[in-house]
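*Asks:* The primary structure of each chain is shown beneath.
2 protein chains.
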Amino acid sequence: MTDNRMRLGTAFLATGEQMASWRYPGTPADGAVNLDHYVQMIRKSEEGKLDFAFIADGLYINEVTMPQYVSRFEPVTAISVLAAHSTRIGLVATVSATYSEPFTVARQFASLDVLSGGRAGWNLVTSALDGAALNHSRDGHPAHADRYERAAEHLSVVRGLWDSWESNAFIHNKETGVFFDPDKMHRLDHRGKHFSVQGPLNIGRTPQGHPVVFQAGSSEAGKELAAQGAEAVFTGMGGVSTIAESKRFYEDVKGRLAKYGRTRDELKILPGISPVIGSTAKEAQAKYERIAGLIDIETALRYLGRWFNHHDFTQYPLDEPFPELGDTGSENYKSVTDRIKRNAKEQGLTLRQAAIGNATPRGPLVGTPEHVADVLEQFFRAGAADGFILLGHVLPEGLNDFVDHVVPLLQARGLFRTEYEHATLRGNLGLPEPINRYAQAWTDSAASRPSYTTGKE
Amino acid sequence: MTDNRMRLGTAFLATGEQMASWRYPGTPADGAVNLDHYVQMIRKSEEGKLDFAFIADGLYINEVTMPQYVSRFEPVTAISVLAAHSTRIGLVATVSATYSEPFTVARQFASLDVLSGGRAGWNLVTSALDGAALNHSRDGHPAHADRYERAAEHLSVVRGLWDSWESNAFIHNKETGVFFDPDKMHRLDHRGKHFSVQGPLNIGRTPQGHPVVFQAGSSEAGKELAAQGAEAVFTGMGGVSTIAESKRFYEDVKGRLAKYGRTRDELKILPGISPVIGSTAKEAQAKYERIAGLIDIETALRYLGRWFNHHDFTQYPLDEPFPELGDTGSENYKSVTDRIKRNAKEQGLTLRQAAIGNATPRGPLVGTPEHVADVLEQFFRAGAADGFILLGHVLPEGLNDFVDHVVPLLQARGLFRTEYEHATLRGNLGLPEPINRYAQAWTDSAASRPSYTTGKE
Numbered sequence: 031m032t033d034n035r036m037r038l039g040t041a042f043l044a045t046g047e048q049m050a051s052w053r054y055p056g057t058p059a060d061g062a063v064n065l066d067h068y069v070q071m072i073r074k075s076e077e078g079k080l081d082f083a084f085i086a087d088g089l090y091i092n093e094v095t096m097p098q099y100v101s102r103f104e105p106v107t108a109i110s111v112l113a114a115h116s117t118r119i120g121l122v123a124t125v126s127a128t129y130s131e132p133f134t135v136a137r138q139f140a141s142l143d144v145l146s147g148g149r150a151g152w153n154l155v156t157s158a159l160d161g162a163a164l165n166h167s168r169d170g171h172p173a174h175a176d177r178y179e180r181a182a183e184h185l186s187v188v189r190g191l192w193d194s195w196e197s198n199a200f201i202h203n204k205e206t207g208v209f210f211d212p213d214k215m216h217r218l219d220h221r222g223k224h225f226s227v228q229g230p231l232n233i234g235r236t237p238q239g240h241p242v243v244f245q246a247g248s249s250e251a252g253k254e255l256a257a258q259g260a261e262a263v264f265t266g267m268g269g270v271s272t273i274a275e276s277k278r279f280y281e282d283v284k285g286r287l288a289k290y291g292r293t294r295d296e297l298k299i300l301p302g303i304s305p306v307i308g309s310t311a312k313e314a315q316a317k318y319e320r321i322a323g324l325i326d327i328e329t330a331l332r333y334l335g336r337w338f339n340h341h342d343f344t345q346y347p348l349d350e351p352f353p354e355l356g357d358t359g360s361e362n363y364k365s366v367t368d369r370i371k372r373n374a375k376e377q378g379l380t381l382r383q384a385a386i387g388n389a390t391p392r393g394p395l396v397g398t399p400e401h402v403a404d405v406l407e408q409f410f411r412a413g414a415a416d417g418f419i420l421l422g423h424v425l426p427e428g429l430n431d432f433v434d435h436v437v438p439l440l441q442a443r444g445l446f447r448t449e450y451e452h453a454t455l456r457g458n459l460g461l462p463e464p465i466n467r468y469a470q471a472w473t474d475s476a477a478s479r480p481s482y483t484t485g486k487e
Numbered sequence: 031m032t033d034n035r036m037r038l039g040t041a042f043l044a045t046g047e048q049m050a051s052w053r054y055p056g057t058p059a060d061g062a063v064n065l066d067h068y069v070q071m072i073r074k075s076e077e078g079k080l081d082f083a084f085i086a087d088g089l090y091i092n093e094v095t096m097p098q099y100v101s102r103f104e105p106v107t108a109i110s111v112l113a114a115h116s117t118r119i120g121l122v123a124t125v126s127a128t129y130s131e132p133f134t135v136a137r138q139f140a141s142l143d144v145l146s147g148g149r150a151g152w153n154l155v156t157s158a159l160d161g162a163a164l165n166h167s168r169d170g171h172p173a174h175a176d177r178y179e180r181a182a183e184h185l186s187v188v189r190g191l192w193d194s195w196e197s198n199a200f201i202h203n204k205e206t207g208v209f210f211d212p213d214k215m216h217r218l219d220h221r222g223k224h225f226s227v228q229g230p231l232n233i234g235r236t237p238q239g240h241p242v243v244f245q246a247g248s249s250e251a252g253k254e255l256a257a258q259g260a261e262a263v264f265t266g267m268g269g270v271s272t273i274a275e276s277k278r279f280y281e282d283v284k285g286r287l288a289k290y291g292r293t294r295d296e297l298k299i300l301p302g303i304s305p306v307i308g309s310t311a312k313e314a315q316a317k318y319e320r321i322a323g324l325i326d327i328e329t330a331l332r333y334l335g336r337w338f339n340h341h342d343f344t345q346y347p348l349d350e351p352f353p354e355l356g357d358t359g360s361e362n363y364k365s366v367t368d369r370i371k372r373n374a375k376e377q378g379l380t381l382r383q384a385a386i387g388n389a390t391p392r393g394p395l396v397g398t399p400e401h402v403a404d405v406l407e408q409f410f411r412a413g414a415a416d417g418f419i420l421l422g423h424v425l426p427e428g429l430n431d432f433v434d435h436v437v438p439l440l441q442a443r444g445l446f447r448t449e450y451e452h453a454t455l456r457g458n459l460g461l462p463e464p465i466n467r468y469a470q471a472w473t474d475s476a477a478s479r480p481s482y483t484t485g486k487e
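Residue numbers (my numbering), protein chains in the order written: chain A, 31 to 487; chain B, 31 to 487.
By construction, these hints were calculated from the structure, which means they are not laboratory data.
Wrong hints could be hidden among the right ones.
Since copy identity is lost for identical chains, a pair holds within one copy or between any two.
What the hints assert, rightly or not - Restricting the straight-line Cα-Cα distance to at most 20 Å, the calculated cross-link-like pairs of lysine to aspartate or glutamate (EDC-like) are: (1) Lys371 x Glu250; (2) Lys223 x Asp169; (3) Lys317 x Glu205; (4) Lys375 x Glu313; (5) Lys204 x Asp60; (6) Lys317 x Asp66; (7) Lys79 x Glu196; (8) Lys277 x Asp368; (9) Lys375 x Glu93; (10) Lys223 x Asp357.
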C-alpha cells in the first residue's frame with residue numbers, strides 16, 4: 031500500500047452477484063436494464079466516496095447465463111450516461127480485447143475521460159465464453175494463451191494511441207489561425223502480430239493522460255498481463271480466500287512488476303467482497319440464509335457447471351465427495367475451477383456443499399458492520415489487499431448497507447477517505463500520472479516551427 | 031410527406047460545418063471536445079422541439095483533416111452523455127459499418143435506446159477515407175461498392191439482432207422464479223459473405239423496437255442502401271441545390287422503396303441546410319461574408335482537395351475555369367465530386383469561385399428569418415424534402431439563431447410542432463413501429479411451455 035488508505039470500488043452487477051438476486055425483495059428484477067437503479071447506485075457510491083463504479087460484461091448468452099444478464103446494458107453506453115449523473119466517482123467499463131479494435135477502445139475511453147473530467151477506467155477482459163466467437167464472425171474462440179497474447183498487444187496499442195498528442199499540443203489561436211502544433215502530434219505506426227495501427231488517435235490527451243486500466247484474470251497469463259500493463263486488479267476473495275491466500279496472490283502479482291520496470295505502487299490489488307451485514311451476527315446470518323435460499327440445488331449445479339464449460343454436474347451423487355474432474359472444462363475460467371476443486375478437497379465438501387457455497391459464498395464477511403470492518407482492516411493491514419471491490423450478493427441492498435454502515439467505520443478508523451482528494455480516478459487511486467513517450471523538454475521556439483493552420487495568418 | 035409537418039434535426043458538428051468555424055467569435059475553438067458546448071446545444075435543440083441531434087464522425091486524421099476534427103469526441107460516448115442532459119430529443123450517433131462488429135453496434139444502440147427511453151438513432155456510414163483502414167489492422171480500405179455491400183449485410187444483421195427478443199419476453203416473476211419465456215427469445219443464426227452472427231442479442235427489445243437508422247450516402251449504392259434499410263436520409267442541399275434538384279433526388283430515392291416492399295412514408299429525406307440569419311438581408315449578407323472570410327484561398331483549395339482524395343488543386347490557375355479532372359480522386363465522395371464538377375461547369379465558375387463556394391456555400395438561405403422560413407416552406411411544399419437537418423456554418427450561433435428566430439415562424443405557420451407528440455424519436459419522426467419478425471399471435475398457454483427459471487418454483 032502507498033499510504034494508509036484503502037481504495038474501494040463497487041461493481042454494478044445488475045441485481046447482484048448471486049444468480050437469483052433478482053428475486054430478492056427490494057431488488058428490481060430488471061436491474062440490468064433499469065437506469066433508475068443504476069443512477070441510485072452511482073449516487074450512493076459517490077455518497078460513500080467510493081473510488082469507482084464498475085460495469086461487468088458478457089458477449090454471449092445461452093441457457094446457463096445468469097438470468098439477470100440475458101438482457102443487460104452495454105457497458106460503454108451505460109457508464110457514459112452515469113458520467114452525467116455523478117461528479118467525482120471513477121467510471122469503469124468492461125470491453126473485451128478479443129472482440130474489439132484497439133482504435134475504437136482507445137477512442138471510447140479517451141472520449142469518456144474528457145466527458146467525465148478524468149474519471150474513466152477500462153476493465154480489459156479477454157472474454158471467457160466460447161460462444162462470443164459465434165456472435166463476432168470468428169471461426170472459433172481463441173485459446174486462453176492466444177487471447178492473452180492478443181490482449182497484451184491490444185493494450186500496448188491502446189496506450190500508444192493515448193500518447194498520440196502531447197498535453198500542450200492545442201494552441202487554438204483564433205487570431206493567427208494556428209489550431210495545433212504538429213510537432214506535438216505523433217503517429218504510432220504499430221505493426222504487430224495481431225494489429226496494425228497507424229494513428230494518431232483523433233482525440234487529444236485526456237485529463238488522466240491514460241484512463242486507468244483494470245484487469246481481472248488471475249491465471250498465470252492474467253497475472254503476467256496485469257503486471258505488465260494494468261493498474262488495478264480485481265481478484266477473487268468473495269469471502270472464500272484466507273488472509274494467507276490473498277497475501278500469496280498479492281505478493282505474487284506485486285513481485286512481477288519489477289521486471290517490467292514498475293514499482294509496487296503502480297498496481298492496486300483489489301479483492302472482491304460480498305459482505306452480508308446485520309445489526310447482530312444472528313441477523314446477518316439470517317439474511318445470508320435468506321439470500322442463499324433463493325437458489326435451489328438444480329440451479330446451483332447448473333451455475334457450478336458454468337465455470338466448467340457447462341459441465342453437467344447432475345450426473346454425480348449430491349451428498350458424496352466432490353467428483354474427480356481432472357482437467358474437465360477448466361479451459362476458460364482456470365483459476366476459478368482450480369480454486370473450487372482445491373477448496374472442495376481441502377475442506378472435504380460434498381458436491382451439494384460445493385455447489386451451494388459456490389452459488390452464494392458465505393465466507394467471513396457475514397456479521398455486524400464492526401465485524402466486516404475488522405476483517406477488511408485485517409486483510410488490508412496484513413498486506414493482502416490495497417483495497418476492495420464490493421460485489422454485493424443482492425443490490426442495491428448490499429451497496430446501501432456497506433455505504434451506510436461500514437464506510438463510516440472505515441473512515442472513523444482513518445482507513446478510508448472522508449472526501450475525494452483528487453478530481454481524477456487516477457489521483458484518487460494514488461496512481462502515477464503516465465509520461466507521454468514522445469514528450470520532450472521544450473527546447474526551441476514554437477514560433478520557429480511550421481504550424482498547421484486554417485485561414486489567414 | 032406523411033402529414034403537414036416538417037421534421038427538423040440538427041448536426042452537432044463541433045464548431046460548425048465551415049472549416050474555419052473554430053475562429054468565429056463566440057464559437058469555442060475546442061468545441062469538438064467541449065462538453066459544455068454540447069450540453070448547451072442539446073438544450074437549445076430541445077427548446078426548439080427539434081426531432082434529433084446528430085453527431086458525425088471520422089476514423090482517420092491527417093494534414094487535410096478540418097482542424098476542429100483532429101480532436102473530437104467519439105460519438106457513442108458523447109451521445110450517451112447527452113442522453114442524460116435531455117429528455118425528449120432524438121440522439122443520433124455515427125458508427126461505421128466498415129470498421130465495426132454488427133453485434134457491438136446492435137448492442138450499443140439498443141442499450142442507448144433503453145437508457146434514453148426510446149430516443150436512439152444510428153447513422154450508418156461506410157467511412158470514406160482510405161486512411162481508416164490503417165487504423166484498423168486492414169490491408170486496404172475496401173472499394174466503394176464493397177463497402178456498401180458489407181454495409182447492407184451489416185445492417186441486416188443488426189436489424190436481425192434487434193428482433194432477438196419479443197417485447198413481452200420478460201416475465202420477472204419473483205414468486206415462481208420465471209425470469210423470461212424462452213419461446214420469445216430467438217437466435218439469428220446469420221451466415222453471410224461478411225458476417226457470421228449467431229445471436230441472440232443480450233439485451234431485450236427496446237422502446238423503439240429498432241433504433242432509427244439514418245444514412246447519408248447519395249451515390250447510387252448509397253441511395254439503394256437507403257431505400258433498402260434506412261429510415262431517414264441526410265442529403266446535400268447546403269444552400270446549393272435548387273428545388274428541382276432536390277425534388278429529383280427525393281423522387282429518385284422514394285421511388286426505390288416499393289421494390290423493397292416499403293411505402294414512401296417509411297423513409298424521411300432531410301436535406302442539410304446552413305442558414306445565415308440577420309434582422310435584415312444586408313445584415314445576413316455581412317454575416318455570411320464574415321464567416322466566409324475566415325478562410326484564405328490556400329486553405330479553401332486544400333479543403334476542396336479533401337473531397338477529391340487529396341488532389342492538389344494548387345497546380346491550376348485560380349482565375350480560370352474549373353479544371354477538367356476526369357475521374358481524378360472521385361472514388362470516395364463520388365456524389366459530392368460529381369456535384370462540384372457539374373456546378374462549376376453549369377455556372378461557369380473559376381477555380382477560386384468553386385473553392386470559396388465549396389468552403390462556405392452561400393445558397394439561398396442567407397437572409398431574414400422570414401426569408402429562411404419561406405425557402406424551407408417552398409422546398410417542403412414542393413415535395414423536395416420531408417424536413418431538414420441544420421448544419422450551421424458556425425456553432426452554436428447557427429443553431430441559436432435558427433431556434434430563436436426561424437422555428438417560431440415555422441410553428442406559427444403550422445409547419446412544425448410546438449410540443450413533442452411522442453416519447454420516442456421514431457414516433458416524432460412519424461415512422462412505423464417495426465414488427466418483430468418472430469412475433470406471432472398468442473395461441474397456447476404460457477403455463478404449458480417450458481420456462482427458464484432460477485430457483486424454487
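*Asks:* Take the hints in turn and mark each one as holding or not.
*Replies:* The hints, checked one at a time:
Taking CA atoms no more than 20 Å apart as the test, Lys371 paired with Glu250 passes inside one copy only; the shortest distance there is 17 Å, against 61 Å between copies. Proximity of Lys223 to Asp169 under the C-alpha cut-off of 20 Å is found in both arrangements, the shortest distances being 18 Å within a copy and 13 Å between copies. For a Cα distance limit of 20 Å, the shortest separation of Lys317 from Glu205 across copies, 18 Å, qualifies, whereas the shortest one inside one copy, 67 Å, does not. Taking the shortest alpha-carbon separations for Lys375 and Glu313, neither the intra-copy value of 31 Å nor the inter-copy value of 85 Å comes in at or below 20 Å.
In this assembly of identical chains, Lys204 and Asp60 lie within 20 Å of each other by CA distance solely across copies; the values are 11 Å between and 50 Å within a copy. In this homomeric assembly, Lys317 and Asp66 never come within 20 Å of each other (Cα to Cα): the closest approach is 25 Å inside a single copy and 46 Å across copies. In this assembly of identical chains, Lys79 and Glu196 lie within 20 Å of each other by CA distance neither inside one copy nor across copies; the values are 31 Å within and 40 Å between. In this assembly of identical chains, the alpha carbons of Lys277 and Asp368 lie at most 20 Å apart only when taken from the same copy (18 Å versus 68 Å across copies).
In the homo-oligomer, the alpha carbons of Lys375 and Glu93 never lie at most 20 Å apart, since the shortest distance is 29 Å inside one protomer and 64 Å across protomers. For the identical chains of this complex, Lys223 and Asp357 are neighbours neither inside a copy (30 Å) nor across copies (37 Å), given an alpha-carbon limit of 20 Å.
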